[in-house]
Amino acid sequence: MTAVTAGELGGLKPARRGSIQKSRRQALFWSYVFLVIFAIFFLTPPIYMLVTSLKSSGEISAVTNPWWVYQPTLENYVELLTQNQFLVFFRNSVVVSVTVVAITMLISVPAAFALSRMKFWGSATLATGVFLTYLIPETLLFIPLFKIFAFLRDVTGIEFINHWWILIILYPTLSVPFCTWIMIGYFASIPKELDEAALIDGAGYIQMLTKIFIPVALPGIIAATIFAFTVSWANFLYPLAFTTSADQLVLPVGIVTTLIKGDVYNWGQIMAGSLLCAAPPLIVYAFLMDYYIAGLTAGATKG
Amino acid sequence: MAEVALRRVVKMFEKTPAVRGIDLEIADKEFIVLVGPSGCGKSTTLRMIAGLEETTAGEIWIGGDLVNDVPPKDRDIAMVFQNYALYPHMTVFENMSFGLRLKRFPKSEIKARVEAAARILDITDLLDRRPKQLSGGQRQRVAMGRAIVRNPKVFLFDEPLSNLDAKLRVQMRTEIKKVHQKVMTTTVYVTHDQVEAMTLADRVVVMNQGRIDQIGTPHELYHAPKTKFVAGFIGSPAMNFVPATLEANAAALSVRLPNGIAFRVPEDRTERYRPFVGRPVLFGLRPEHITEPRGMLHPDQQVFDVALDVVEPMGMETMVYFVMDGAEVCGRVDPSSAREVGEKMRLVADLRHMHLIDPETEEVL
Chain D
28 MTAVTAGELG
38 GLKPARRGSI
48 QKSRRQALFW
58 SYVFLVIFAI
68 FFLTPPIYML
78 VTSLKSSGEI
88 SAVTNPWWVY
98 QPTLENYVEL
108 LTQNQFLVFF
118 RNSVVVSVTV
128 VAITMLISVP
138 AAFALSRMKF
148 WGSATLATGV
158 FLTYLIPETL
168 LFIPLFKIFA
178 FLRDVTGIEF
188 INHWWILIIL
198 YPTLSVPFCT
208 WIMIGYFASI
218 PKELDEAALI
228 DGAGYIQMLT
238 KIFIPVALPG
248 IIAATIFAFT
258 VSWANFLYPL
268 AFTTSADQLV
278 LPVGIVTTLI
288 KGDVYNWGQI
298 MAGSLLCAAP
308 PLIVYAFLMD
318 YYIAGLTAGA
328 TKG
Chain C
3 MAEVALRRVV
13 KMFEKTPAVR
23 GIDLEIADKE
33 FIVLVGPSGC
43 GKSTTLRMIA
53 GLEETTAGEI
63 WIGGDLVNDV
73 PPKDRDIAMV
83 FQNYALYPHM
93 TVFENMSFGL
103 RLKRFPKSEI
113 KARVEAAARI
123 LDITDLLDRR
133 PKQLSGGQRQ
143 RVAMGRAIVR
153 NPKVFLFDEP
163 LSNLDAKLRV
173 QMRTEIKKVH
183 QKVMTTTVYV
193 THDQVEAMTL
203 ADRVVVMNQG
213 RIDQIGTPHE
223 LYHAPKTKFV
233 AGFIGSPAMN
243 FVPATLEANA
253 AALSVRLPNG
263 IAFRVPEDRT
273 ERYRPFVGRP
283 VLFGLRPEHI
293 TEPRGMLHPD
303 QQVFDVALDV
313 VEPMGMETMV
323 YFVMDGAEVC
333 GRVDPSSARE
343 VGEKMRLVAD
353 LRHMHLIDPE
363 TEEVL
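Chain order of the listed sequences is D and C. Here the first sequence stands for residues 28 to 330, where the numbers follow the numbering used here. Here the second sequence stands for residues 3 to 367, where the numbers follow the numbering used here.
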């Protein structure tokens with residue numbers, strides 16, 4: 028009887044494993060098919076930008092294969108970095124983005140901690156309110172904001188419009204609600220016992236936040252940082268509406284307004300500028316991703 | 003070192019009562035276990051002692067001080083949580099020393115205290131590791147170490163062994179007992195496991211629906227339960243309860259089951275039970291007091307025959323289940339004497355250990 032059972036098992040086992048492998052192969056095949064499709068879809072524009080940025084104006088307008096560079100040149104990059112106001116835009120963008128990220132984190136992290144951990148009257152409503160704020164599109168906001176700044180100018184005498192630093196006031200209206208919301212979610216995933224243990228160990232709320240929550244929620248904070256940086260680096264509508272002088276512009280608007288003159292498009296420089304504009308977020312992502320260690324909470328409680 | 007006192011402590015969550023006015027005096031160095039089913043209020047009671055929950059009414063005293071309005075950090079207590087609650091980004095040393103560092107103890111003293119605690123718990127080799135590199139048992143030791151280094155007035159344990167596997171649980175139970183014998187700190191320990199409660203406690207507090215049903219030594223709770231709940235909760239398998247009537251025949255009393263079997267009440271209890279003659283009662287007897295006949299029968303042991311419904315061999319003994327008037331009854335017999343399912347078996351009820359319970363008040367008579 029033992030021999031029969033062993034024989035049956037011997038016959039069964041490879042068949043079952045085979046079927047698992049087959050379905051796994053199929054799943055992998057389709058995963059790769061869709062990954063390749065999406066990779067092509069999303070990488071085509073930057074590759075086209077790179078190809079075009081390496082062409083001279085003549086080659087761009089010539090009827091040749093648009094996906095190939097016959098006479099590669101760096102003249103677009105050189106011109107952009109030497110003659111144009113590109114470096115001013117770049118500096119404005121860096122200052123605005125770094126400041127906005129700092130302001131956002133300084134507000135979002137304590138706000139999220141308070142909303143997720145310090146239960147007070149109305150905290151749940153307030154948390155939902157924070158998220159609802161994010162749902163209002165900026166296209167609806169910029170006209171009322173414009174009115175507010177005009178009113179503030181009348182009251183205080185300070186001109187807010189057409190200064191790059193106004194973006195430091197404006198961008199947090201977009202980044203703070205969303206970052207607070209994702210931090211609330213992240214803090215909520217930290218076991219309650221961890222703060223209770225800290226409370227009993229003698230920590231106050233500030234120490235609990237700085238010594239326990241921020242280190243434990245670092246992956247979430249990094250995700251929020253990336254978001255805040257992206258919002259402030261790539262936003263187009265607010266700088267377009269609130270800044271006009273060339274020396275007050277940030278990159279996204281600066282490239283478009285100075286390199287498109289009437290109906291003349293300086294495609295080579297636009298593409299070179301756009302690529303250079305996309306570089307800092309890529310560097311930030313690459314740098315922060317190394318520190319984005321998921322599962323940092325592993326081991327805190329029962330694993 | 004301190005005594006702990008709870009006076010008429012009440013806790014309401016919104017309008018739901020969790021703890022309904024309990025009084026408890028815990029002596030210095032005593033090991034008290036709060037035990038009861040889920041939702042009985044034992045964890046809430048512990049959390050109120052810790053200061054993690056506010057009391058709705060009543061007073062909590064630790065070491066002679068009223069601590070109702072004292073925050074957890076100033077109560078000089080240490081707590082071990084069910085899921086360890088170790089700080090994941092800190093090493094074992096940093097975890098254990100966190101409280102001392104916050105209180106700005108000198109570095110040399112922190113080191114000495116942590117190393118002493120690590121020696122007690124045998125985790126000296128783990129001090130540089132992070133929690134995720136530790137097994138469940140090691141994590142629980144670190145959590146205990148974090149409590150010990152603070153040298154608090156009171157240790158609070160909130161179901162600390164529930165996440166461990168059965169073997170490790172038994173091992174850690176012994177460890178906790180050893181640690182208590184070494185440090186002799188007043189300890190309040192919450193568990194739903196009555197075996198843990200019986201093995202660890204100096205005194206056990208059985209809680210039920212937000213009230214204390216009984217406080218006593220493990221021996222008292224086992225042999226002299228005051229309520230049906232305590233009688234049924236302490237002991238595994240649980241005590242059997244069969245509806246019966248108390249009858250008087252001349253000087254003797256007997257418990258008559260509806261199926262006709264009458265168990266004689268031991269003589270020394272007749273006076274105690276006499277006021278309840280003629281009234282319906284619940285007849286309670288633990289499985290270990292229903293066995294196969296062993297040698298000469300004592301006058302208060304009585305044989306009866308049953309047909310077995312379920313037979314569960316456990317190795318050193320066999321559980322036999324049978325139905326008496328609709329109630330399932332369990333007996334513990336020697337494996338060699340156990341019969342097959344459906345067969346008749348002669349069993350002995352040791353009535354010296356019987357209990358009678360008033361079905362209305364559920365109090366043991």
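Bear in mind the hints are in silico, worked out from the structure with no lab data behind them. Idealized CB from N, CA, C, for every residue including glycine. Please note: incorrect hints may appear among the correct ones.
Stated by the list, open to error - From the structure, some residues in chain D lie toward chain C, with a derived Cβ separation under 7 Å:
#1 Val125
#2 Glu220
#3 Glu223
#4 Ala224
#5 Ile227
#6 Ala230
#7 Ile233
#8 Pro242
#9 Asp274
#10 Gly289
Query raised in the report: Honestly, which of those hints from before does the structure not fit?
Result: The structure breaks hints 1, 7, 9, 10; every other hint is satisfied.
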